[in-house]
Amino acid sequence: MIQVLVNGVFLGCLFAVVAVGLTLVYGVMEVPNFAHAGVIVLAAYATWSASAAGLPFALAALVGIACGAAVSVLTEVVAYRWIIDNPAAAPAVALGLMLILQNTALRLFGGEGRSMDTPYDQVLVEFGGVSLSGVKVALVVLAVLALTALHLILSRTSLGRAMRAVAQDRGAAAMLGIPMRRQYTLAFLIAGLLAGIAAVAYAPTFQVSPYMADEVLLSAFVVVVVGGLGSVWGAVAGGLVLGVVEGLGSAYLSSAYQSAFGFLLLVLILVLKPGGLRGATGRRVA
Amino acid sequence: MLTVDNLTVAFGPTVAVRGVSLHAEAGAVTGVLGANGAGKTSTLLGIHNQAPRRGGRITLAGVDVTGHDTGALVAAGIALCPQNRRLFPNMSIEDNLLLGAYGHPRKVRRARLARAYDRFGWLRDRGAEAAGRLSGGQQQAVAIARALMSEPKLVLLDEPSSGLSPVAVDEVAAILADIAHDGTAVVLVEQNVRLVRHLCDTAYVLAHGKVAASGPVTALLRDSAVSDAYLGTVH
Ligand SMILES: Nc1ncnc2c1ncn2[C@@H]1O[C@H](COP(=O)(O)OP(=O)(O)O)[C@@H](O)[C@H]1O
Ligand SMILES: [Mg+2]
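Top line first, the protein sequences correspond to chains A and B.
Residue numbers for the first sequence follow this note's numbering, beginning at 1 and rising by one.
Residue numbers for the second sequence follow this note's numbering, beginning at 1 and rising by one.
If we strip away everything but chain A, and leave its shape as in the complex, we get (with noise of 0.2 Å):
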């Protein structure tokens, strides 16, 4: 019970983090941004590749986080910027990103799955009865540092509450002069850095491939919707309740079916709360 308990934990982490790059750039730009699964794969493509050329793993790391942090600034830059007064476009624009980022990796490295090594992937660390993988360890422990500086940031820098307001009321931001394409690319930056760290951290306990974050992504929807579409507490809330709830169904239910337990939740919450668990006033980023 305990062991699918932190189980769960570990793939609410890994939700979470994904889940905030996506609220974040809902948020401050209204885009659904399916195109983030397309950011993770060519992250984690470019941190198995450095890997591969003989880089130390943590250099290999860093290449794939900064790779998902520029792809995804640079889907900013040629496409969602130029949707940005035509909302109703966004949703066909995100999914035409996703399937060209796929493909391009499908193009580069081919469909087979690659396995990733990591300096940690044979520890194991065992805490009161439950024994972790060194994979998972290092995976909630990147998310926590992940989130708390992305905390930091926005709670503490002028970038960052300007980019609260951004989220909480555009127009009234562009009022005073906050300059919105910066915040923009900002979002986005820091979505492709939270990307590739997620990349880098569960691309070990799966395989590398071209459709590796697809479900990763979906509940990763469900919990931008569960915690409050712009909400990062929301997301990071969300995420954890939504890992649970899935690796509780996979261990005692169904496998097969792990995600579809998450969509059960989402189902059932908008039923009772149709603004998510943090459906208050307005969106916000917080």
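No lab work stands behind these hints: they were computed from the structure.
Do not take every clue at face value.
[As the list claims (entries may be wrong)] Reference excerpt, derived from the structure (chain A facing chain B, CB under 10 Å, subset only):
1) Ala52
2) Ala79
3) Ile83
4) Ser158
5) Arg164
6) Ala165
7) Gln168
8) Asp169
9) Lys273
Please read all numbers here as calculations on a predicted model, not as lab measurements.
Think of the CB as a built atom: it goes at the ideal place given N, C-alpha and C, for glycine as much as any other residue.
Given the structure of chain A, go ahead and fit chain B with the ligands onto it with the hints provided.
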């Protein structure tokens, strides 16, 4: 301080402002009156480059700032206090104020925050409170304080009295008189004729996107044709 020359603003096929010209002096409150839909908000947004300007020139203190983006206009000294206040209700009062000085170094932001607390003493101990918790009048004061955080030469205010109690309106009036007294140019868009009469020497009356009448407030409001036709008020 501000000269608007032949401003035209259009939202697609809807022409909201049709060749408006107006002038606002430093140290005075200039009124802009008009019924709902007359084009008052669009005029302010056109000046601030927040609405599509189709023609016209904006000059601030002799410098042509036509076409500058809003960030540059704020930096040049034009602050806008928007209709419905538009505070960030879930953010703290202090965050709201600091956003008014976005882009300035931390030291400058802090110094201006201290000055805002000097002007609005009652805010000093409430900086951490969510702005949305304040009463309407208090929120309007914060919205004005936020606009002042950019240390503007010119403040554009869009119906600051709307939805406020008579007491709160008097407080807003006192704040605006104070700002003008400091030498700042103030453009006050209002439907509250009493407030304009109290604060302004000069006013413009907009109707259907055009200046229908302008001049000294006393003469303007004495003219019952203007009052009846454009202001919908009975004197
Ligand atoms: N964003 C917009 N899109 C389309 N039409 C608008 C927009 N904003 C204002 N208008 C139109 O412009 C005209 C003037 O509106 P506005 O400037 O808000 O008037 P006022 O502030 O005097 O009430 C109105 O007919 C209004 O419907
Ligand atoms: Mg208006």
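Here is what the structure says about each hint:
About 44 Å separates the beta-carbon of Ala52 (chain A) from the nearest beta-carbon of chain B, more than 10 Å, and the hint is not met. For Ala79 (chain A), the suggested interface contact is broken, since its CB lies about 22 Å from the closest CB of chain B, more than 10 Å. Checking Ile83 (chain A) against chain B by beta carbon gives a least distance of about 18 Å; that is not within 10 Å, so the hint is violated. Annotation: interface hint on Ser158 (chain A) holds; nearest CB of chain B at approximately 7 Å, less than 10 Å.
Given the 10 Å rule on beta carbons, the hint for Arg164 (chain A) holds: about 6 Å separates it from the nearest Cβ of chain B. At its closest, the beta carbon of Ala165 (chain A) sits 5 Å from a beta carbon of chain B; the interface hint therefore holds under the 10 Å criterion. For Gln168 (chain A), the suggested interface contact is upheld, since its CB lies about 5 Å from the closest CB of chain B, less than 10 Å. A distance limit of 10 Å between C-beta atoms decides the matter here; for Asp169 (chain A) the minimum to chain B is near 6 Å, and the interface restraint holds.
Among the interface hints, the one on Lys273 (chain A) is violated; its C-beta lies about 18 Å from the nearest C-beta in chain B, farther than the 10 Å criterion.
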